[in-house]
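So the sequence lines, in the order shown, correspond to chains A and B.
Letter 281 of the first sequence, counting from 1, is numbered 281 in the UniProt record's numbering, and no numbers are missing.
Letter 109 of the second sequence, counting from 1, is numbered 109 in the UniProt record's numbering, and no numbers are missing.
Keep in mind the hints are simulated off the structure, nothing from the lab.
Ideal Cβ placement from N, Cα and C applies to all residues, glycine included.
Please note that a few of the clues may not be correct.
As the list claims (entries may be wrong) - For the chain B half of the interface with chain A, some residues (derived, Cβ under 10 Å), not all of them:
| hint | residue |
| --- | --- |
| 1 | 13 |
| 2 | 16 |
| 3 | 18 |
| 4 | 24 |
| 5 | 91 |
| 6 | 111 |
| 7 | 160 |
| 8 | 286 |
| 9 | 302 |
If you want the building blocks of each chain, they are given just below.
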Amino acid sequence: MKKLLAATAATALFAGAAMAEEVKIGIILGFTGPLESITPGMAAGAELAMKEVTDSGKFMDGSSVVPVRADSTCVDAAAATAAAERLVTSDGIKAIMGSDCSGVTGAILQNVARPNGIAMISPSATSPGLSTAEDDGLFFRTAPSDARQGVVMTDILMDKDIKTVAVTYTNNDYGKGLADSFQAAFEAAGGTVTISAAHEDNKADYSAEVGALAAAGGDVLVVAGYTDKGGKGIIQASLDSGAFDTFVLPDGMVGQQLVDDIGDGLTGSFGQYPGTDSEGAEIFQGMATAAGFEGTGAFAPESYDAAALIMLAMAAAGSTDSKDWAPKVMDLANAPGEPILPGELGKALDLIAQGVEIDYIGATAVELIGPGESAGNYREIEIKDGVIETVRFR
Amino acid sequence: MDLLNALVAFLNFVVVPATAYGAQLALGALGVTLIYGILRFSNFAHGDTMALGTTAAILMTWGLQAAGISFGPLPTALLALPFAIAVTALVVLGTDRVVYRFYRKRKVSPSILVIVSLGVMFVMNGVTRFIIGVQDQSFADGERFLVTARGFRDATGLAEGLAIRTTQVVTVVVAVIAVALLFWFLNRTRTGKSMRAYSDNEDLALLSGINPERVVAVTWIITAALATTAGVLYGLDKSFNPFTYFQLLLPIFASAIVGGLGNPLGAIVGGFVIAFSEVTVTYAWKKVLTYILPDSLAPTELVQLMSTDYKFAVSFAILILVLLFMPTGLFKGKSV
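Using the sequences and the hints given, assemble the complete structure.
And the structure:
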């Protein structure tokens, strides 16, 4: 045991030393489970950034960055914790890009990141609860909190002069957090929520849920769920039974697959998801297409930014130790400094080496506020004739 | 007072969807109950057998659609159904030959067979995802509605709409035909009678010259047909997703157990009991009551016995109550 401790201590010493080495970064996303259709794009986004940094040869004296994937399952906190623990203890990762869903992200933060002192940046955990979670300064997210989304959604509804809505949410940290923050914002703005009912994903039948929602009534139905899970089932059943004609779709529900599956019935429905019209988004899309994946996929740009921020912070700190690089994240992400777009990570590393301050813009115009989360730019969308059209940015 | 609107709202949001769902559960539960009755174990791989059968049907449907063949107003998948049943039957017969027969020869206890079926479940689950992917697949085509909510409102002048989907009607009709065929087969044909004999008393059946391997094979083929039909009907009515089919296992087993494991009639009743209890107990009566009661008494609250979050709790509460007071289920099945 003593020997093991000594060996561990020695490794820890070497880890901080400046020499070409392999830096492992864990990518912990729900490759199986309710988000399994979008996580491949997210992982590809993060790995694109890592490849860019490694290829530049300018990272930590020519060190290479090696991604290590693990499955968060999105829903099973125990499985996610075990996966993260394995990456930290046996793979020796220096940072976590993840996790995706809010519940498992909170679990990994409390059970793995904090005890082991490993910092993590999540691209897609949006639960308001994570803003106030104890994190020892180790947790950041390139996704905005849903408290912000609740306000944006309220603004959109008020602009359309819709005052009564029914709400259904997927029964987890994300759905409940979003539904609650929306209800608070909407009622404060003078609107009425007739019912706020949970639905479980992957269930066989949603007639009971739709029956209750229809009985409560409302001008539109807010569906805080997932595109390829319960959210879609609810929309389909509502349309079929004539319970609702128009739906409000938050970030988890915006996806071309949903529009294709439901067809005409979705015309006129609207919603919002994190996004900007910045040039970074466009550049990222081009890079993604060249790398062979869909750059507009939900949270793929956020994943690129999360991975990029981790590596730039390590470079700025000159150390892969989380306690050294985590404090740098906020500085790098925010002004002032030389703006850095996707594809310019090599240039950013040069600037950092010269001691020039940078402002990482990235693919999503990252601006971190308060407890280390994205300020939140949203893209308001409307569905017209089977196409998701951007109305404006908020 | 507006009884007609109340009735339509109730039909639209409770009776019609629960009937279709009940028919799908009943078909699934029939397969589970047959395996339990004749092969004497709870087949956990049933949900994934449904998924595999549906996968075959979807692939065949795509083939037919590509070839320009359609079934008029009915879904093309119905044409693909016999083909899918044949494929599924081959798969389960193969599984029986490779896996279950080994254990049957050893006369292992049912609990071991249950675990074996759990293994088969994971393999089938993986194979299905491997073939068709993890995404949702919609393969329903043809006329979507028999009666649309808007059409009904326009035609009758009522405030409430009534929607009946083609797939809901097809589900109920196909389920009735399948059940009738099954009962005819079990009660009227020689093979069916030998299956029942084998189920009642294996040793006595063997003595009277019944070939056990033949009974087992026929059971698997019928189960494959029921599972594929249930899977395709469910997929047509909702949509296909391997993970959802895996989750369907729970309500299906609940149906089979409530009805009495091993009793085909019980499986059908169980399916409808579970489906209706999920929908009715958690239904919010506000709309219906507003129509029935005079304005002064109209409810402002939802009038919901319990939130829809608890719908599964409801079906499992019923399951526990039935097992407490009638351990063999509503209809006399084998005790669990």
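Evaluation of the provided hints:
Nearest Cβ of chain A to the Cβ of residue 13/B: about 4 Å, under the 10 Å cut. The hint holds. With 10 Å as the threshold, the beta carbon of residue 16/B comes within range of chain A, its nearest partner Cβ sitting at about 8 Å, so the hint holds. Here the hint on residue 18/B is kept, as its CB sits about 6 Å from the closest CB of chain A, short of 10 Å. Interface hint at residue 24/B: satisfied, since its Cβ lies 8 Å from the closest Cβ of chain A, which is below the 10 Å cut-off.
A distance limit of 10 Å between C-beta atoms decides the matter here; for residue 91/B the minimum to chain A is near 23 Å, and the interface restraint is violated. Annotation: residue 111/B was flagged as interfacial toward chain A, and the flag is violated, the nearest CB pair being 26 Å apart, outside 10 Å. A distance limit of 10 Å between C-beta atoms decides the matter here; for residue 160/B the minimum to chain A is near 8 Å, and the interface restraint holds. Interface hint at residue 286/B: satisfied, since its Cβ lies 5 Å from the closest Cβ of chain A, which is below the 10 Å cut-off.
The criterion of a C-beta within 10 Å of any C-beta in chain A is met by residue 302/B, whose closest approach is roughly 6 Å, and the hint holds.
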